[in-house]
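Number of protein chains: 2
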Amino acid sequence: MERRLEVDPWRIVETGFDAAAGPDCMASESLFSIGNGAMGGRANFEEFFGGRTLQGNYIGGIFYPDKTRVGWWKNGYPEYFAKVLNSAFWPGIDIYVGEERLDLSICRIEAFRRELDMRRGVLSRTFTAVLPNGVKVGVKVRRIVSMAEPELGALSYELTLLSESGAEVSVTAFVEGDVRNEDANYDEKFWEPVALDRESGALTMRTKKTGFEVRWTQRTAVKAAGRPVSGRNVSENERIAERFVCTLKTGETVALDKFVGVASSLNHPEAELAAAAESVAQRAWAAGFEAVLAAHEQAWAEKWAGCDVVIEGDEAAQQGIRFCIFQLLQTYTGRDSRLNVGPKGFTGEKYGGSTYWDTEAYCLPFYLCTSGEEVARQLLRYRYRQLPQAIGNAAKLGFKDGAALYPMVTMTGEECHNEWEITFEEIHRNGAIAYAIYNFCRYTGKRDYLAEGGLEVLVGIARFWAQRATFSEPKGQYVILGVTGPNEYENNVDNNWYTNYLAAWCLRYASEAAEYVAAQYPDDYRRIVAATGLNAAGDEFARWREVADGMFLPEWTLEDGETVFLQQEGYMDKEQRMAADIPAEQRPINQHWSWDRILRSCFIKQADVLQGLYFFQEAFGGETIARHFDFYEPRTVHESSLSPCVHSILASLTGRAARAYELYLRTARLDLDDYNREVHEGLHITSMAGSWLSVVEGFGGIRVGRDGRLHVVPRLPEKWRSLAFELHYRGAILRFGLGTGEVRVVSVNGRPAEVVVGERCYRVDDRGIQVKVG
Amino acid sequence: MERRLEVDPWRIVETGFDAAAGPDCMASESLFSIGNGAMGGRANFEEFFGGRTLQGNYIGGIFYPDKTRVGWWKNGYPEYFAKVLNSAFWPGIDIYVGEERLDLSICRIEAFRRELDMRRGVLSRTFTAVLPNGVKVGVKVRRIVSMAEPELGALSYELTLLSESGAEVSVTAFVEGDVRNEDANYDEKFWEPVALDRESGALTMRTKKTGFEVRWTQRTAVKAAGRPVSGRNVSENERIAERFVCTLKTGETVALDKFVGVASSLNHPEAELAAAAESVAQRAWAAGFEAVLAAHEQAWAEKWAGCDVVIEGDEAAQQGIRFCIFQLLQTYTGRDSRLNVGPKGFTGEKYGGSTYWDTEAYCLPFYLCTSGEEVARQLLRYRYRQLPQAIGNAAKLGFKDGAALYPMVTMTGEECHNEWEITFEEIHRNGAIAYAIYNFCRYTGKRDYLAEGGLEVLVGIARFWAQRATFSEPKGQYVILGVTGPNEYENNVDNNWYTNYLAAWCLRYASEAAEYVAAQYPDDYRRIVAATGLNAAGDEFARWREVADGMFLPEWTLEDGETVFLQQEGYMDKEQRMAADIPAEQRPINQHWSWDRILRSCFIKQADVLQGLYFFQEAFGGETIARHFDFYEPRTVHESSLSPCVHSILASLTGRAARAYELYLRTARLDLDDYNREVHEGLHITSMAGSWLSVVEGFGGIRVGRDGRLHVVPRLPEKWRSLAFELHYRGAILRFGLGTGEVRVVSVNGRPAEVVVGERCYRVDDRGIQVKVG
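Taken in order, these protein sequences are the chains called D and F. Read in order, the letters of the first sequence are residues 1 to 774 in the UniProt record's numbering. Read in order, the letters of the second sequence are residues 1 to 774 in the UniProt record's numbering.
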């Protein structure tokens, strides 16, 4: 593999720049994206760029309900498709040297270095460029989206004249509100201007239809050759702009610091937006760029505490996992339970909506282990807040009595995807939401969340499954017809094993949870019964158990007489081929084959039966998992970013070490190495949690076992000398050091915890333990 | 049933008008539509109307490729969705009496009569209206879209002053080019103006993207109180307009005759459009309205010759069937093999594209029997012309070596629908196209079309099926996975019996056809072999036979031990309910149930297994058909306009007379009685051919039998005293008179033909035969 970017444990580094390499330029814009959970954006150049670019700045929770109807819209289809909105371009700096505009697409570039410091969350860039008029300049830029101040973006832009004669330089700092989404169906504009406030250097825009208002306030400080320069307000239309003109001699520098406050009506009454944005920008301006940067770096240091992963012996893997952690930390902070983990985070506009089942299946364990219980709890609360919409969503599909179907994709709880085979049929997502509650309780060892909100969610979900399963007379069992499993390369299948198994599990778990809350939190239970009408019309638990116990689970007997759980009925009628037999030029098949050809093939997009075996591995055991891995993995094309990680974990678990490592590299460096040639569209944020799981659960072998205790069973790739990581676990922050034949664990914050190594349970405190393993 | 329109054997009549009854006004606009195969439009008022209206004027073959993409477009999806385009409003007349505009939505209407004379193809309207200013006028309008001149629309508009004092009347004749489609996703305009030629009263517009150019030229003649009035050219923007002002005394009339030539770049080089439209308008103007009308009526008389149906004893049924025939005659004339039978004809804009499998399955037999061989042959040629696109379409889906998949919906041969479950999967349409060739040969008794174009089409279709079927190891048979059958209330099912049966039949028929052409037309065969590479890589016929003979056809054993062909695998796992048990307020289910609920239900939209038994009734026999009818019909909700007709025929065939009649009324008066409350959107043109089939094949019992001869087995509804109809059959025009216990047949044009009545074959000539039947 030839890598375009340097391998470095803490940095993403690009040296050299070729404006003609369009997709690579855009890929770098994705890879160097920065954000702070509340907002973020692509690493577009501050100054004008005439080459290929995808400009993108996004504010969490702000979206546009796009219309996607055609003549024959069917009943129950979602009203809209939620587009993640590109918002005002806040980092803008427009440079003229003499009459010539600085534009890297037409300059001769003598040096170029772009760097993302993942430890500090700083995007920086230095370059030397010769403009078409022959003037040579050196530029150094540092930019942050402040982790300390959620509403602040800041940058420092320094330009030094390197030519032998002096020149007049004009520097215009701007925020441009007239932006578009690339995926707008009719090049429609999604924002309308509300006010351009020249006096205070501020702009207010409002989203069409959804009516979100956002205020941007810009503050600047400019020095040329060390002396302050005053600017001229050149704002117009939907653009705040301040122009600074100075004459530089050779070697002199003009330095512009810029602070932009971004306040939205998600967080402020509209009447207070102006004051809020102004306050943020003004305070930052008064403190100065270096102070703002210091606060930001301090906040990043705190975020990294307790979640770093250190791999010795494999720098590419090291960089890959840090990149994943960095992206996850800057996409979701847990500050706001209305936000979630968008599949592209703040790095691109593809995919509508912000919340997929990725959150529950992949991201929740990451935040639970690395950011502590409260952040993960916010993700659970997000779904609890949206329970009424989930009930409404199910009602639209004909379900009743408080049955809840969580949306496949959402911003606000309403479904906002627009393909029936996904929206209506990929209902296994409802199970993942229940599983996340279970997973949270299991890992934290606490079940109080069931009383807080979990049980209500579980009741709604159980009611959905109890109604969605129907009785098949020929089979004499309950069946779930017309679903799409996690393998979206099959649509509208009957009796998907994963869905049926998960549904039955949900029904049982909801009963158990209800019994637990009734016994332990009787007041909450009364409140919940009153709110949900649980058992009002008879014994709901009995019905749930009947459906769970009577659930049909398809199996297939292989030629060797062993059985496997069958992905869905009829799967074996397909021509059985192996993914390895697909000619390389036809991979990925989703870019080369028509949709029906994919549907008709036996090829699997991502873990389906294996997703179930992963979730419930304690219930199945290694031999069963191994048999299914050997059956399904060779049929899997891994064309979802969520696929390699689960397979890597299962490969580790079943001793398929080489395959585990191969699959790990594919997940952890998916974007850095641009495996699927699509990074220009944005990064695969949610699957980065899967990469982390591959390391910690797969190679680290961390798992809460049937005994409810934390187990560690290291299975390091051959190349790795050691693997160290930290986990938040029941109040303790545990640092694990896994080397060849050895496990070390220490409680970093001194709080004790129990950890099982081998067959034995150890109490770990600040003195740590060191255990030899086979 | 309370009927809004009068029942009359030859006319559609509406008396009285309530501008506030929006949907009814719009329904009348649909029901009184007129056209001539090349163009047509809704019965919008000529003068301004401020109430609810759907303005629609359509030109055959002219469409717009609308964009319907969302973020995750899948491979092989069609590039566009073809919208039928609303074009310039040519019949416009704007009337002012004094300062007051004539607008029926704000007038007091003292008399109103709208009439569609189906025999003559004339839309007329008379009314007396009191304007808000108190002036009373009487208006009489006659309008035609000339059946004699495909590019001519003409109307006569007479307004008489009925108030006691005189008034100034201004009459503006106009053609308005600034029109929209109601179903435009973003209210986008699909036409752009090219030229407004004030001198010659002409307008040229061009469609966006597709670049069709159309020229409208208007000519007028106005008399007030018998004296010519000269007009003033008030054209502007995209509107040709000529204004005539006159002062009328009580009882005096202003009469405007208007002729509009409509020439399109489909039929003329762009440079000649202006001359073409001018010539049409000018000739008509010179001849005068009455002469234009006479030529039009003469053309209509010729169209009706040989296709009328006369029902004695049931005036509603009589009107219903004439309405169907009238619509079919004015929608498709066979003049132009690039055109086809759009599902809404010229009566509305709903549904994209113009050609569905309706053409082959339903319309072809109608035109074959009523308009003679040449018109039907044009429909076959339409598909032959589009064979290269069908091969391209299949190639997009991964098929090769000349396999052809005809599109589900098309304008030009390219697929232009946008739902994968239809486009990619509803592939049975490919079988209907083969069946139409077979049907044509069977009915005409001639197989020369196989050599002309049929065989090439059959080879492409057979190659598709041979590749699309795959071998199931567990079944040891060929299977067809992932299809949508005619019952579109199931998507992506495996082994739909109808599809599998039809595929196997196609494979055999294509072999037979090839052998026939090889033997009878060796030169053509050599040409076809060279063009298609037939058998170039081995014995294709052997492969076709292997797949046909090995085709899996699902069956199910009922409780009584009898078997039925099973609609698709897994159908019996569904909850088995009967359509009669669905509460009335939930019907039609497609307006009340979410799409997934419909998919999961056992309810059938339209004939599926039964469609196959209808096509191949000779292969199955009455007992088998009866058993399947009794199994499937009660599960059928008939929510396609194509459903009741096939069921009515099968009910007749199997002696279920009462049900046959019920279903017939539902099909023949579907639009006149607006069963589904959707006539305001346009009429169901293609299903009208099904209504005709219900009469002729169902009640008339006309069928080409296994012996290749025309059989007649009358099964008249109890209420009907007699049924008479004419058929084109192998050169003869046969008039059938079916009464109680009697069949009369005579050759109207004197050409002899053989007809089987009872067990005996008769030679019928101009003396006719009269046979007693049981």
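Calculated from the structure, these hints are not laboratory results. These figures come from a predicted structure and were not determined experimentally. Wrong hints could be hidden among the right ones.
Coverage of chain D stretches by chain F, computed from C-beta distances (three or more under 8 angstroms per stretch; other residues unrestricted) [claimed, not checked]:
| hint | segment |
| --- | --- |
| 1 | 146-160 |
| 2 | 203-216 |
| 3 | 361-370 |
| 4 | 395-401 |
| 5 | 561-575 |
For lysine to aspartate or glutamate, the following EDC-like pairs were computed, each having C-alpha atoms within a straight-line distance of at most 20 angstroms [stated by the list, open to error]:
| hint | chain 1 | residue 1 | chain 2 | residue 2 |
| --- | --- | --- | --- | --- |
| 6 | D | K140 | D | E158 |
| 7 | F | K208 | D | E158 |
| 8 | F | K189 | D | E188 |
| 9 | D | K209 | D | E414 |
All C-beta atoms in this analysis are idealised placements derived from N, C-alpha and C, irrespective of residue type, glycine included.
Here's how the hints hold up against the structure:
1. 146-160: With 0 residues in contact (Cβ-Cβ under 8 angstroms with chain F), the coverage given for the segment 146-160 of chain D is violated.
2. 203-216: violated (count 0)
3. 361-370: violated (count 0)
4. 395-401: Held - the segment 395-401 of chain D has 3 residues with a Cβ nearer than 8 angstroms to chain F, which meets the minimum of three.
5. 561-575: holds (count 6)
6. D/K140 <-> D/E158: Status holds; Cα separation ~5 angstroms.
7. F/K208 <-> D/E158: violated, 49 angstroms
8. F/K189 <-> D/E188: holds, 15 angstroms
9. D/K209 <-> D/E414: Between D/K209 and D/E414 the Cα gap is close to 15 angstroms, so the pair holds against 20 angstroms.
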